[in-house]
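Novice: Keeping their order, the protein sequence lines are chains A and B.
Under the numbering used here, the first residue of the first sequence is numbered 134, with each subsequent residue one higher.
Under the numbering used here, the first residue of the second sequence is numbered 134, with each subsequent residue one higher.
Keep in mind that a hint or two might mislead.
One copy or two, it doesn't matter: identical chains are merged, so the pair holds either way.
[Said to hold, decoys possible] Each computed SDA-like pair below joins lysine to any residue, with the alpha-carbon atoms no more than 25 angstroms apart:
| no. | residue 1 | residue 2 |
| --- | --- | --- |
| 1 | 266 | 166 |
| 2 | 227 | 294 |
| 3 | 443 | 348 |
| 4 | 295 | 381 |
| 5 | 236 | 430 |
| 6 | 349 | 385 |
| 7 | 179 | 198 |
| 8 | 295 | 169 |
| 9 | 463 | 348 |
| 10 | 469 | 348 |
| 11 | 463 | 241 |
| 12 | 262 | 185 |
| 13 | 299 | 223 |
| 14 | 349 | 437 |
| 15 | 299 | 432 |
| 16 | 135 | 473 |
| 17 | 226 | 293 |
| 18 | 469 | 306 |
| 19 | 226 | 345 |
| 20 | 349 | 456 |
| 21 | 469 | 366 |
| 22 | 349 | 401 |
| 23 | 135 | 146 |
| 24 | 262 | 171 |
| 25 | 299 | 269 |
| 26 | 227 | 171 |
| 27 | 227 | 444 |
| 28 | 295 | 228 |
| 29 | 179 | 403 |
| 30 | 246 | 327 |
Derived from the structure by calculation, the hints contain no laboratory data.
Number of protein chains: 2
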Amino acid sequence: MKFQNDLIIRSANGEDIERYPVWLMRQAGRILPEYRAVRKKLSGFKELVKSPEFAAEVTIQPIDILNVDAAIIFSDILVVPEAMGLNYEMIEKKGPYFEKTIKSINDLSCVEKEFDIEDRLGYVSQAIKITKKELNSRVPLIGFAGAPWTIFCYMTEGEGSKTFSKARKILYTDPILAHELLDSITEVTIKYLKLQISSGVNIVQVFDSWAGILGKDQYVEFGLKYINKIADAITEVPLTIFAKGAYNSIREISAMNCNTIGVDWNMNINEVREIIGESKTIQGNLDPCVLYSSHSEIEKLTNKMLDSFKSKRHIVNLGHGVYPDMDPEKVKTFIKTVKNYEINY
Amino acid sequence: MKFQNDLIIRSANGEDIERYPVWLMRQAGRILPEYRAVRKKLSGFKELVKSPEFAAEVTIQPIDILNVDAAIIFSDILVVPEAMGLNYEMIEKKGPYFEKTIKSINDLSCVEKEFDIEDRLGYVSQAIKITKKELNSRVPLIGFAGAPWTIFCYMTEGEGSKTFSKARKILYTDPILAHELLDSITEVTIKYLKLQISSGVNIVQVFDSWAGILGKDQYVEFGLKYINKIADAITEVPLTIFAKGAYNSIREISAMNCNTIGVDWNMNINEVREIIGESKTIQGNLDPCVLYSSHSEIEKLTNKMLDSFKSKRHIVNLGHGVYPDMDPEKVKTFIKTVKNYEINY
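Chain A on its own, in the form it takes in the complex (with noise of 0.2 angstroms):
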């Protein structure tokens, strides 16, 4: 398929590209009035994220008015728990909220794993498809899934959590359940991705939000094992892997099938590509609140940003999702400056 901006699928490759692409995590969602006026009209965020039509609306919208080189396909990361059997609820201003969490092996005959994947998440499906057609080739769609490990935090904690403790508690309590939750998890994963590459997306990230909380060892056991059987498994489209915090395994996760490894505002550029050389892109990293910044200090800072990178292999984003009180002019100023930016080497 050839784009009129293909830019994120080169720079994913390891090809050559003219400029950095550039995208933002939650680009599309509440920062823009155009997606509120969206959401207003239905019942609450889940509905948003099953209404098909809808989705691809607020999906596109970043690439009309923010002029991004790449959309990521509205939903959320929790559609696969719910698939799984353990439904939730995202209360407002709070987060999301499972009335049924797994606490022993006995929970797990809640969680199914055998079922026909489409017949539950083809609304990601055909969200995908009518995106990919208002799109026309304009730019790349992203799409994506949680970690395994971040899902099982949210399938056995139920909600957002400071310490996820209950999660890490059955780590040590419960490694064999861990472990076949983990499984069936990144079962259903590689089906829901599948999916979603088969119904039009053109790279996906995965995102382990929780990665951070786990030492090395844990993570390294019940982390990145899943991810890398997910990184085995996609071999269709360029793979991301955002780990969060996972600060300690950058050279686990760049020996993994993946083309491009995210990375958060906390994490020193130099110091990643020094450990990953030029085998992967990077994805970030400017923190997010340097948005909060006037225009010229913005503008600044990112050219700094842009400045320290000793390679083409970079897609340009923050280190984190855009936070929703963010003036979206603000925004345009970072990706206007990252378009400007002149690759000289």
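Given chain A, work out where chain B should sit, using these hints.
Specialist: Chain B in isolation, oriented as in the chain A frame:
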């Protein structure tokens, strides 16, 4: 002053020790039924903090019950912002809440730094004096304060947060306000720690709970700068700095006038030792969730950690506070394992 057991002081000072000292962050607290019994007599957490007799009682409980090698005064890091003029409530199961927060330079008029420290925080001083008397030189008493950056987070954010984006926003939009407030917090914190020392504490620890949410450059500018001022000012007793999540600032911390560096469970003790050499003691860092395991597993994993130590300069602790739902019997197994461990070099 002679202690029956001064292991922790000797370890902090890099002197010879016959075995590793051990204590737990949050050892005086909800894990103990005896603490909960005292707490029940009072209207809330803050009343306990402000009742010297009761605060002393719960401070000593873990010495009698858990047999740890040090007591830590029962208090709260947020007594400092309260003394400075921002009152807070501790909301059950939610955490602290400040009605008034610092949003702009005008709000600094609510913040005081020139006040008699004993006048406002005398209840801590009294609790220390009572504790010292009742401890009767059995073990040293640890005093503590929050690091300026962490206190700043609460004063600007008003409550806990996943991103602390309001606090971090100010670093970009109004660095002058940030430095002014951090400076005031630092000044008060030094006076407060000196009050604790003159009242009788034998070691002090500075907790930077939210160190890990800043990138390196900002942590140097808005975090370490102020911890360093505290480190230079506190010369009377050994100082421990625990900057949670500040994995990329260990080198800078090791250059400070402190004795001990606290390390969370995500950091690798040997990597930390390599960076800091033998000039400092390391405190930590067993994953608190290990204490959810079986007794034999706790023994095994504690011994594994101790075996990894290549130096006598260690104070054993968890990598974070003990979680309230942990079984005191499991905590005892951890402590016994450390006490039975033979250092053979």
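Novice: Each of the hints needs a verdict: does it hold here or not?
Specialist: Here is how each hint holds up against the structure:
no.	hint	in the structure
1	266 with 166	within (24 angstroms within a copy, 63 angstroms between copies)
2	227 with 294	both (11 angstroms within a copy, 11 angstroms between copies)
3	443 with 348	between (30 angstroms within a copy, 20 angstroms between copies)
4	295 with 381	both (20 angstroms within a copy, 21 angstroms between copies)
5	236 with 430	between (48 angstroms within a copy, 20 angstroms between copies)
6	349 with 385	both (10 angstroms within a copy, 23 angstroms between copies)
7	179 with 198	within (24 angstroms within a copy, 50 angstroms between copies)
8	295 with 169	between (28 angstroms within a copy, 23 angstroms between copies)
9	463 with 348	between (36 angstroms within a copy, 21 angstroms between copies)
10	469 with 348	between (38 angstroms within a copy, 24 angstroms between copies)
11	463 with 241	neither (46 angstroms within a copy, 27 angstroms between copies)
12	262 with 185	within (9 angstroms within a copy, 66 angstroms between copies)
13	299 with 223	both (20 angstroms within a copy, 23 angstroms between copies)
14	349 with 437	between (31 angstroms within a copy, 15 angstroms between copies)
15	299 with 432	between (42 angstroms within a copy, 21 angstroms between copies)
16	135 with 473	within (24 angstroms within a copy, 68 angstroms between copies)
17	226 with 293	both (12 angstroms within a copy, 14 angstroms between copies)
18	469 with 306	between (51 angstroms within a copy, 21 angstroms between copies)
19	226 with 345	both (23 angstroms within a copy, 23 angstroms between copies)
20	349 with 456	between (29 angstroms within a copy, 21 angstroms between copies)
21	469 with 366	neither (36 angstroms within a copy, 47 angstroms between copies)
22	349 with 401	both (19 angstroms within a copy, 8 angstroms between copies)
23	135 with 146	within (15 angstroms within a copy, 67 angstroms between copies)
24	262 with 171	within (19 angstroms within a copy, 62 angstroms between copies)
25	299 with 269	neither (45 angstroms within a copy, 39 angstroms between copies)
26	227 with 171	within (21 angstroms within a copy, 32 angstroms between copies)
27	227 with 444	neither (40 angstroms within a copy, 45 angstroms between copies)
28	295 with 228	both (13 angstroms within a copy, 11 angstroms between copies)
29	179 with 403	neither (39 angstroms within a copy, 46 angstroms between copies)
30	246 with 327	within (15 angstroms within a copy, 60 angstroms between copies)
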